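Chemist: Residue numbers (full-length UniProt numbering), protein chains in the order written: chain S, 1 to 524; chain P, 1 to 446.
By construction, these hints were calculated from the structure, which means they are not laboratory data.
Be aware that a few hints might be false.
[What the hints assert, rightly or not] The following residues of chain P were derived to be distant from chain S, with all beta-carbon distances above 12 angstroms:
#: 1; residue: Arg9
#: 2; residue: Phe87
#: 3; residue: Glu121
#: 4; residue: Asp126
#: 5; residue: Val185
#: 6; residue: Glu195
#: 7; residue: Pro203
#: 8; residue: Ser236
#: 9; residue: Leu256
#: 10; residue: Ser291
#: 11; residue: Lys300
#: 12; residue: Arg330
#: 13; residue: Glu331
#: 14; residue: Pro362
#: 15; residue: Ser424
#: 16; residue: Arg430
[Stated by the list, open to error] When the alpha-carbon atoms are kept at most 25 angstroms apart in a straight line, the in silico SDA-like pairs for lysine to any residue are as follows:
#: 17; chain 1: S; residue 1: Lys200; chain 2: P; residue 2: Thr215
#: 18; chain 1: S; residue 1: Lys83; chain 2: P; residue 2: Leu249
#: 19; chain 1: S; residue 1: Lys401; chain 2: S; residue 2: Asn426
#: 20; chain 1: S; residue 1: Lys518; chain 2: P; residue 2: Lys180
#: 21; chain 1: P; residue 1: Lys230; chain 2: P; residue 2: Leu209
#: 22; chain 1: S; residue 1: Lys206; chain 2: S; residue 2: Leu248
#: 23; chain 1: P; residue 1: Lys11; chain 2: S; residue 2: Gly477
#: 24; chain 1: S; residue 1: Lys378; chain 2: S; residue 2: Gly309
#: 25; chain 1: P; residue 1: Lys123; chain 2: P; residue 2: Ser310
#: 26; chain 1: S; residue 1: Lys189; chain 2: S; residue 2: Gly309
#: 27; chain 1: P; residue 1: Lys324; chain 2: S; residue 2: Leu248
#: 28; chain 1: S; residue 1: Lys401; chain 2: P; residue 2: Lys324
#: 29; chain 1: S; residue 1: Lys171; chain 2: S; residue 2: Ile271
#: 30; chain 1: P; residue 1: Lys11; chain 2: S; residue 2: Asp362
#: 31; chain 1: S; residue 1: Lys518; chain 2: S; residue 2: Asp407
#: 32; chain 1: S; residue 1: Lys6; chain 2: P; residue 2: Leu249
#: 33; chain 1: P; residue 1: Lys368; chain 2: P; residue 2: Gly403
#: 34; chain 1: S; residue 1: Lys189; chain 2: S; residue 2: Leu133
#: 35; chain 1: P; residue 1: Lys277; chain 2: S; residue 2: Leu13
#: 36; chain 1: P; residue 1: Lys206; chain 2: S; residue 2: Val204
#: 37; chain 1: P; residue 1: Lys407; chain 2: P; residue 2: Thr372
#: 38; chain 1: S; residue 1: Lys380; chain 2: S; residue 2: Ser395
#: 39; chain 1: S; residue 1: Lys333; chain 2: S; residue 2: Asn183
#: 40; chain 1: S; residue 1: Lys518; chain 2: P; residue 2: Arg330
Treat the numbers as computed from the prediction; the structure is a model and nothing was measured.
Even glycine gets a Cβ: it sits at the ideal position worked out from N, Cα and C.
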Amino acid sequence: MAAEPKTKYDRQLRIWGEQGQSALENASICLLNCGPTGSEALKNLVLGGIGSITVVDGAKVEAYDLGNNFLLDEGCLGQSRAKNVCSFLQELNDAVKVKFVEESPVALIDTNPSFFSQFTLVIATQMLESSLLKLDLICRKSNVILVVARSYGLTGLVRISVKEHDVVESKPDHFLDDLRLHNPWPELKEFAASIDLNEKDPVVHKHTPYIVILVTLAEKWASSHKGCLPATRQEKKEFKDLIKGHMLNIDEENYQEAMDSAFKVSVTRGISPELHQIIEDSAVNVNSTSSDFWVLVAALKEFINKEGGGEPPLEGSIPDMTSLTEYYVNLQKIYQAKAEKDCNEIERYVREILKRIGRDTDSIPKSVIKTFCRNSRKLKVCRYRTIEEEITSPSISELQKYATDEDYCFSVGFYILLRAVDRFANNYNRLPGVFDSEIEEDVSRLKAIAVSILNDLGLNGSSLPEDLVHEMCRYAGAEIHAVAAFIGGVASQEVIKLVTKQFVPLTGTLIFNGIDHKSQVFVL
Amino acid sequence: MAEVATEGRWKDVDRLLSRHGNLVSAEFDPRPNLREDIGEYVKVLVVGAGGLGCELLKDLALSGFKNIDVIDMDTIEVSNLNRQFLFRLQDVGKSKAEVAAKRVMERVSGVNIVPHFGRIEDKELDFYSNFDIIVLGLDSIEARSYINSVACGFLEYDADDNALLETVKPMVDGGTEGFKGHARVIMPGTTPCFECNIWLFPPQVKFPLCTLAETPRTPAHCIEYAHLIKWDEAHSGKAFDADNPDHMLWVYKEALKRAELFGISGVTYSLTQGVVKNIIPAIASTNAIVSAACALEALKIVSGCSKTLSNYMTYNGQEGTHIKVTDFFRETDCLVCGPGTLIEIEPSVTLAEFIEKLEKHPDVLMSKASVTHRGNNLYMQAPPVLEEMTRSNLNLALYDLLGKVAKDTVHVSGMTEKNGKRSSSLRKLRVSFKGVSAGPTDMDTR
Ligand SMILES: [Zn+2]
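Using the sequences and the hints, build the whole thing.
Modeler: Below is the structure:
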């Protein structure tokens, strides 16, 4: 008996669509260490239908695994942890290819670095800094995305490492619609002019879409203001009064909508600073090794500088608004037609560029170009520093900013202490606080290490909250199930964003603060 | 399943529960057997066995809780399987609460989970009063509101309007939508209850009927036309059932016809389902994150092993990853968690007259009220057996029924109307009898 995937995945297909789902189904994920943090991360991915998973773990199931890992039970004691976690995961979804390697991840990194190049993404859990540094280099070399996750008592972290991750479908929650009321093109002006705002029929009057009202009244305004649109606060208020003056009745919702959207005629022309930065990026000088994304950006840049007259291609969709059906459908067609025209121009540039750099001119399909054009105002380029760069030269200003913040100084403290416990482990071959009898000594030792890390970074050692040092020793590296489920959950959500190339992934290092939940992302 | 004695099994969580810390609650008493005591003496109720509920049961069981009850009226559907990890394809159609409880007990030995397959409104107040803490994994505002009113109903105040600590029933509430979610801690009488911040959950916007009938513009308008207008026209008297695939298909086809008529594109079967059932997108990872935060707070509340969330956390992974904590304020005159609505009546008023008064009282407006006093049923509208048993009270004076005191608290449940929607609700009232001199402890109130 098999479930229809469309039905089974319905609630997530509504988020990332068929394309996102097929990206997941084509991805192969490697997990290092299948304690609760790693197991929970994989559980969430397997449920969602990830293509394949490979679990690397050399441990045998011990008693403490049963206290914090739901995927293991008494029957697994003494057996391979990787094998038993995999058999539970397979039970969750038989469409997923499940494999395991009974070997210590630390050893595998040293003995078989090429092993990792077969994966889309590696999730490294509960690993010390020294191993992560090596793994990061290996992954970077073969362009494999690395997601680091760690649970430690009531704290933990999640971090992404990849040279560059580009997002076309960033799907932001709140983004200004692309109506071009400040800069209407001839067909839109023509349509607006065909509708009389002084229409006597009250039904038509109160069903004239606000796009038409605003285009017409903006033109009227401009003609009496030397061609300028309302800019100052006073002018914007006067413009609203002008709209109000055209109302027949106070309950006309379309005019209310026009007043609420009046600011859209005053938006700044041209592209956002974020998009400007992308089209001015050096990667836009494409060659045969450039990614499709940068070829598309290069074409976008040509368009903005030429046909676009400084504007990006039109998105082509309009929000719902009070309107007669006929007016609304006509407006939709006018916006779609302009968007299609813009997209065709961009396609022409794409083909030209592909030819110039010696690639097959059809190697980027039209559908991809269309999606790119629709989302061109929302492009995101995420670049991550290597773990080594973060460790040797993190952004001091970022740490300083939060170190003195009442709400977030704990997160900064945890960040430093998570690094300090790894150094402690290197020095003493164990984590601080594992022996009840040595907790107080370990507090002093860990504090000394943390202060020296702070001093090396040029930060004041006294900013470290003393209570946190004690907390770290109290935890002694405990992997609390609820914390692991949280950290593993965050890691799996990031994996989904990275694999589907939709939405914007975590942009820095997330430090989990399980004490009061004032967690924080540091861009270091 | 009895717990197999496995030395060191709880090593990790015991680090938190058996060791001193400086960032803990004042009541924290760390000791090696604290986890066992929590397991033995703390009773936790999980409301909902869906996306959040499955995660919560697992997380609580692995946090040391052993006496867990779970209540859910739903049965398992195929579309649950992308996140509700305790369910398999062969479980489709079975009770969520029952299957979830069984699966967690199979895997975590020593934990006892009692499932309740049914509606939260059908349980007696006594049932809820049994629990030390209630964890909510729900997707409906109405259900949250109901549990909130029940939990706040247990709260008692002293003469100075300070909450009596021993009557506080803590709640932890989670919710998700897509990549976003929230977790919150509610300490009735201290932190805001669900009703204090009800504005955080704005009601769903409905399309005006005239738009559907006359000026449809979007595929959703066409779907709602078929669902809300055309269905009734075509099926006189037959109620639409969103779970009946034939009904859904009919609505889809009608919506498609209407869309074609008006030149609107984009009506699909999937969208039809989404609009008609008001489907909220849901994924495993967000449910896992929010539930984990809730379970962790539950453990901290009962053990004191760390400070707690104060009091509302939002998680947003849509555009980058953002976690934010907001410390909301309580509405001191909240009808649900406040000291209660004051009703002043003559000592001669009978229970029947009191119930009638509630229909017209501007701050209550409740019809067909059932009344309880300190857990005793004074009058119950249903079931018939209870109605018959309590009917004789109707002609007695409330003053006598409450034991001849100047004022006291009663709970009433019945139907109220909010935003044009009738729903069952539960309220707390402080009844004060006119002309009756207050006892010495009540001297300084109003
Ligand atoms: Zn309240």
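Chemist: Hints numbered earlier in the text: which of these fail when held up against the supplied structure?
Modeler: Numbers 1, 2, 5, 10, 11, 18, 19, 25, 27, 30 and 34 - these are the hints that the structure violates, sorted from lowest upward.
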